[in-house]
Amino acid sequence: MNWNDFQSIYSLIKDDQLCLLYRGDFADEVTVRLIDLSDIQFSGAADRVNMRKKVAFLMAECFQNVIRHSEISPFEVGLPEYAGFFMTRNIDGEYYIASGNLIENQYVPDLRAKIENINKLSPGELKELYMKVLGKDEISAKGGAGLGLIEMARKSGRKLESDFRKINETLTFFYIQILIGGMEGDLQESRVKSCPICNSVELNELLTRNDVLMAYHGDFRQDAILPLLNMINRNINNIRAESYLNKTIFHVLVEMLQNIMHHGYAPNDKKEGIFSLAVSDKKFNICAANYVSNDKSLYLREILDSFLTHSNGELKSMYKQILKGGTQNSDGGAGLGLIDIIRASSKTPEYRLVRIDDSKSLFYINVVI
Amino acid sequence: MTKLPVPHPIHLIPSEDEPEIILDKAKNILKFSGTSIPEDPEKLFRPVMNWVNQYLKSPNPKTSIEFMMEYYNSSTARFFVEMLEKFEELNDRTGSVSIIWKCRKDDVVMVERGEDLKAIINLPFKFIEYT
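Taken in order, these protein sequences are the chains called P and R. When we follow my numbering, the leftmost residue of the first sequence carries the number 5, and every step to the right adds one. When we follow my numbering, the leftmost residue of the second sequence carries the number 4, and every step to the right adds one.
If we strip away everything but chain R, and leave its shape as in the complex, we get:
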């Protein structure tokens, strides 16, 4: 059996309008944090989707995707849904995927965003509020 290639880790350094993204199969980290209001969402997220597609061909036994977003715009919201839908299929087969949604306790906007996602995505969500 041929061994599937491991996708190269992605570590996107955050900027004023782009989030920090860490996608590292070997360290088992999939993390999105900060602000996401990119000028060209397609350009920012295409490599991320490619990474996810590659990862899903040979996922780790457990996958937890962590979000610690300060703010994101509606086109980023669309991307998050598209990406998480891909993980739904894996979870349906294996039950190995979970979402960790971290946000500040008083950040009602981000809490609500997490709840919206939970309502439309069929994956277990764990909410962690911090002060």
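With the rest of the complex left out, here is chain P:
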């Protein structure tokens, strides 16, 4: 992702406890991993079992929404940029879940009316409508009776947010977003404004412009990294057949993600970072950013500038030297991971170190493989 768009995304999501954005294939395996990833934010919080179940349920419902409409394949209609979209964000204990997919224009009025109607109803009326629709077994032409929407509204207890972006004479990109609050019935309407649906649309448009397959902002613990790696590994094997190249990508991913885990600035023991993976013309673009303490940032700049001036052959011998000599800096890192990343990239990686405040800087690195 280029630095300008990265900054735009960063400014939208930097205060999130978790932000997971995904565009593309919604195979079962992928959706399970997305739920896993979202789930880690609840680990160790036994008192939030209900919230956890609700979030997982609503995520699955959103996936269903995208999958149900997947007969309009964005690739087949020549609109690959309108791949299915999924988002989950945790902002101060409130969970926002959104999805987006192509629909035919002819279904827009009906869908809009259903959502407007649902938003007018009280919890009691919603239950009544749910039972009525369930009993009637009324299936709309698109295979959905609106039950999913009613369920979403009932579980969230909030109004559904939607957005329709007309693409051409036949197709529209439809967004739906729900909010689940930390405490039921304890939400101020103003809180909804901290993540209006237009933010989600903007995020998807930024991702689309950069061919991003997925982006993650959150805690870089091993149990977050593993589902990420697993999910991406499956995706890259579908995209590119050359297994050795895929292994190289995997390798760069591991080093970039674990770099954040091992060396990120973590005053509260939370290794915060952002990571994104984009694919275009069978080239992979991996971007990672995290905080580093200001005293380390000088050292980081020094070794990166030094590594980046060397040829691949020179880097290889430096790599061996470090491997053998084991010169470790105070942070336990010897720069091996960084050399690996530079050696694997097809063009010189771009990096930035931006001072955020008195104690930390933001380190951004962008690699193409």
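Be a bit skeptical, because a hint or two may be false.
[To be verified] Below 16 Å or equal to it, Euclidean Cα-Cα: the simulated EDC-like pairs (lysine to aspartate or glutamate) are:
#1 Lys328/P x Glu91/R
#2 Lys328/P x Glu92/R
#3 Lys324/P x Glu69/R
#4 Lys328/P x Asp119/R
#5 Lys328/P x Glu85/R
#6 Lys28/R x Glu69/R
#7 Lys324/P x Asp119/R
#8 Lys320/P x Asp119/R
#9 Lys328/P x Glu88/R
No lab work stands behind these hints, which were simulated from the structure alone. The structure displayed is predicted, hence computed values, not measured ones.
Assemble the complex: chain P is given as a structure, and chain R must be docked to it using the hints.
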């Protein structure tokens, strides 16, 4: 002469991020396989280093260390070098140590990793490629 204690065998069952490690003096097996991207490499490998230190006090007449790694990260690479350096001393005295590096034929990353190790470690390497 007091008999040196035999180190207890280690058999670490592999996980999504940790390799399978078998260190068994009685059966003469020293083997590392699978994926190694541990969260805390120090915690994973400290017992292994302790075992190796113990083993080197009374090694078997022949020691062959087998690697069949799918993938490992740079901190694991550091550990492998540190461990193999310990065996260099034994081999200098006795010529009894060898490395078997097994990897898939098309796995250029692991083949190259093996070659890198061979270039910096003074031990005989045998490469076995499989399909």
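To see whether the hints hold, each was checked on the structure:
no. : hint                : in the structure
1   : Lys328/P x Glu91/R  : 13 Å, holds
2   : Lys328/P x Glu92/R  : 15 Å, holds
3   : Lys324/P x Glu69/R  : 21 Å, violated
4   : Lys328/P x Asp119/R : 10 Å, holds
5   : Lys328/P x Glu85/R  : 8 Å, holds
6   : Lys28/R x Glu69/R   : 14 Å, holds
7   : Lys324/P x Asp119/R : 7 Å, holds
8   : Lys320/P x Asp119/R : 9 Å, holds
9   : Lys328/P x Glu88/R  : 9 Å, holds
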